[in-house]
Amino acid sequence: MEYAIDAAGSDIAVRCRGLTKTYGAGDASVMALRGIDLDVRCGELLMVVGPSGCGKTTLISVIAGILNQDSGQCEVLGRDLKHMDQRERTRFRGLSIGFVFQLFNLLPALNAVENVSVPLLINGIARKNAEARAEEVLAAVNLGSRLDALPGKLSGGQQQRVAIARALVHEPKLIVCDEPTSNLDHLTGRNMMELLRDIAQSPDRALIVVTHDPRIFEFADRIARMDDGRIVEVVGGNDKEGLQ
Amino acid sequence: MDPAVESTELTINIPDSALARVRSVDGVRSATPLALATADARLPNGRFQSFQLIGVDDATLFGLPPLQDGVSPTVLRTPDAVVVDPGGTDGKLETPISAADQWPYRQPHLDVPTRELAAGDQLLVNDHRVVVRGRGKALPRYPPRPLMYTTLSNASRTLLPERHSLTFVLARAAPSVTPRELAKRIQAQTGLKARSSDDFEADTVNWFLINSEDVGDIASMISIAMLVGFGVTGVMLYMFTTDSLKQYAVLKAMGADSRLLLTMIFVQSGLCALLGTGLGLGMCGIVGQISILEFDFPFRMMWFTPVVGGLMVMLVSILAAAISARPVLKLAPGVVFAGR
Chain A
1 MEYAIDAAGS DIAVRCRGLT KTYGAGDASV MALRGIDLDV RCGELLMVVG PSGCGKTTLI
61 SVIAGILNQD SGQCEVLGRD LKHMDQRERT RFRGLSIGFV FQLFNLLPAL NAVENVSVPL
121 LINGIARKNA EARAEEVLAA VNLGSRLDAL PGKLSGGQQQ RVAIARALVH EPKLIVCDEP
181 TSNLDHLTGR NMMELLRDIA QSPDRALIVV THDPRIFEFA DRIARMDDGR IVEVVGGNDK
241 EGLQ
Chain B
245 MDPAVESTEL TINIPDSALA RVRSVDGVRS ATPLALATAD ARLPNGRFQS FQLIGVDDAT
305 LFGLPPLQDG VSPTVLRTPD AVVVDPGGTD GKLETPISAA DQWPYRQPHL DVPTRELAAG
365 DQLLVNDHRV VVRGRGKALP RYPPRPLMYT TLSNASRTLL PERHSLTFVL ARAAPSVTPR
425 ELAKRIQAQT GLKARSSDDF EADTVNWFLI NSEDVGDIAS MISIAMLVGF GVTGVMLYMF
485 TTDSLKQYAV LKAMGADSRL LLTMIFVQSG LCALLGTGLG LGMCGIVGQI SILEFDFPFR
545 MMWFTPVVGG LMVMLVSILA AAISARPVLK LAPGVVFAGR
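Chains as they are written, first to last, in our numbering: chain A, 1 to 244; chain B, 245 to 584.
Keep in mind that the hints are not guaranteed to be accurate.
Which chain B residues stay away from chain A? Per the calculated CB distances, all over 10 Å, these [what the hints assert, rightly or not]:
#1 T252
#2 S294
#3 T318
#4 A344
#5 Q346
#6 A363
#7 A427
#8 F474
#9 Q491
#10 V494
#11 K496
#12 A500
#13 F543
Chain A regions said to be covered by chain B (calculated; three or more residues, Cβ under 8 Å) [unchecked claim]:
#14 54–67
#15 83–91
#16 116–123
Facing chain A, a subset of chain B residues (Cβ under 10 Å, in silico) [to be verified]:
#17 T486
#18 S488
#19 D501
#20 A569
#21 V572
#22 K574
#23 G578
#24 F581
FYI, nobody ran anything at the bench for these hints, they're computed from the structure. Virtual Cβ for every residue (Gly too), placed ideally from N, Cα, C.
All chains, full assembly: derive it from the sequences and hints.
Structure below.
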């Protein structure tokens, strides 16, 4: 894949230009995205923040290829999503994007190893190989001793570790996290973000984290603040303190 | 047998000369007569009971089932002798324990203590006295009915006079001839209908399947059970699927395509169908064996029962899975995000 390069010479994992999305029609229509321009660089952790209903979820849904934009361009990992059909998008998601959800969304009937194996199985990897790889990743998130545990037997923090392992197991180039700490206490949330930063962040991988939680802003390389379907500011470095 | 006969259930008699005609066919090792008739017998308590009367060859007693308590079949050659058999019925071959309650003058003694008919008990058939000399161990009949075995000569004395009294000729093939081949020869040379025992058994089963109202009743019951089963399994599978929509959405978001999700639903449904079919047939077999061994009821699982049953269960499960698949295919994976 050939990525776009920004002015600073960094590879661009996600490039959105003039992205719009409207739900419904007529008087009941709601414009969720009103011309989003956003770049996410490879190797960076970008947080998307803003009040409820500002369009954060719609934005990551479009970036993750789950939702079609109405207009504008969304290039993810060098591929223009608008030019992919549904099957291509599904395949692209399976190969290139990892997800971490607010409610973990682990499959309750599968144990930790089986849950983490799911993305590999979807991509056609043999079960034995998939489970071997899943065990490695679970060990990396310090769950090597809970391989056979069902989600119901794991604490919230442990479940989120399994979810992170599941997002990483197929080595995607983009990880999308939706409110990953909102169901966790402060300490567990911080531990989770440290884990994400330590094992998920790499030079060839971008992380997008949608969050309301100001306590984890410090983990972001940059923060994009949204309001009413627009990105109103993107701050990085020490400027993040101002968003508290 | 008469060419019109299709089963043991509905028979018509043939001339006595048929026996000699069959014996004359090349390949017949031996041939014996057998008579079937219906007789109402008065039991010692004064009640009437209908029997299927089976008259066997006086010389060979061929057609007589094994007798209980090691009684020799030759007892049938004693005067007025009969062997009775419950034929799958229960409590119909009883006699009062007390001699005072037997052969009442005015009305039957129905509410007195009874015991099973045994050797030495007497019955009246068409005002002829017959003496029970033993109890048979024949297979239960369908439909169940008491059986009375006697010799052909006794049968001709006790039954009402008829022009013909012979119902079947039982032929045994010579070693060089198969039963089916012999049946063809008999049919060709005598004009009578001839079937091998296996073929006649199959004919009788088919006759029941086509003519018995019981089969229609059972088919109606199965149809209703299938409709109910379809409703219940369809709704349950639909509920299970809709309960798990969020999980399907997660899989969709992670790259599972519609084909994979459909496969999951149909495999679930198919596995349930296989398990259900296996459990159902297993239970049916167990109940059938218990009914044979413990209650002496007739039970037979036809070859097509598991096949048709399995196919119908598969059909039900496929339909249920197809209905359940719709919400999954329509599902937008975006519902997995917190904002949705």
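*What hints, given by number in increasing order, does this structure fail?*
9, 10, 11, 12, 17, 20, 21 and 22
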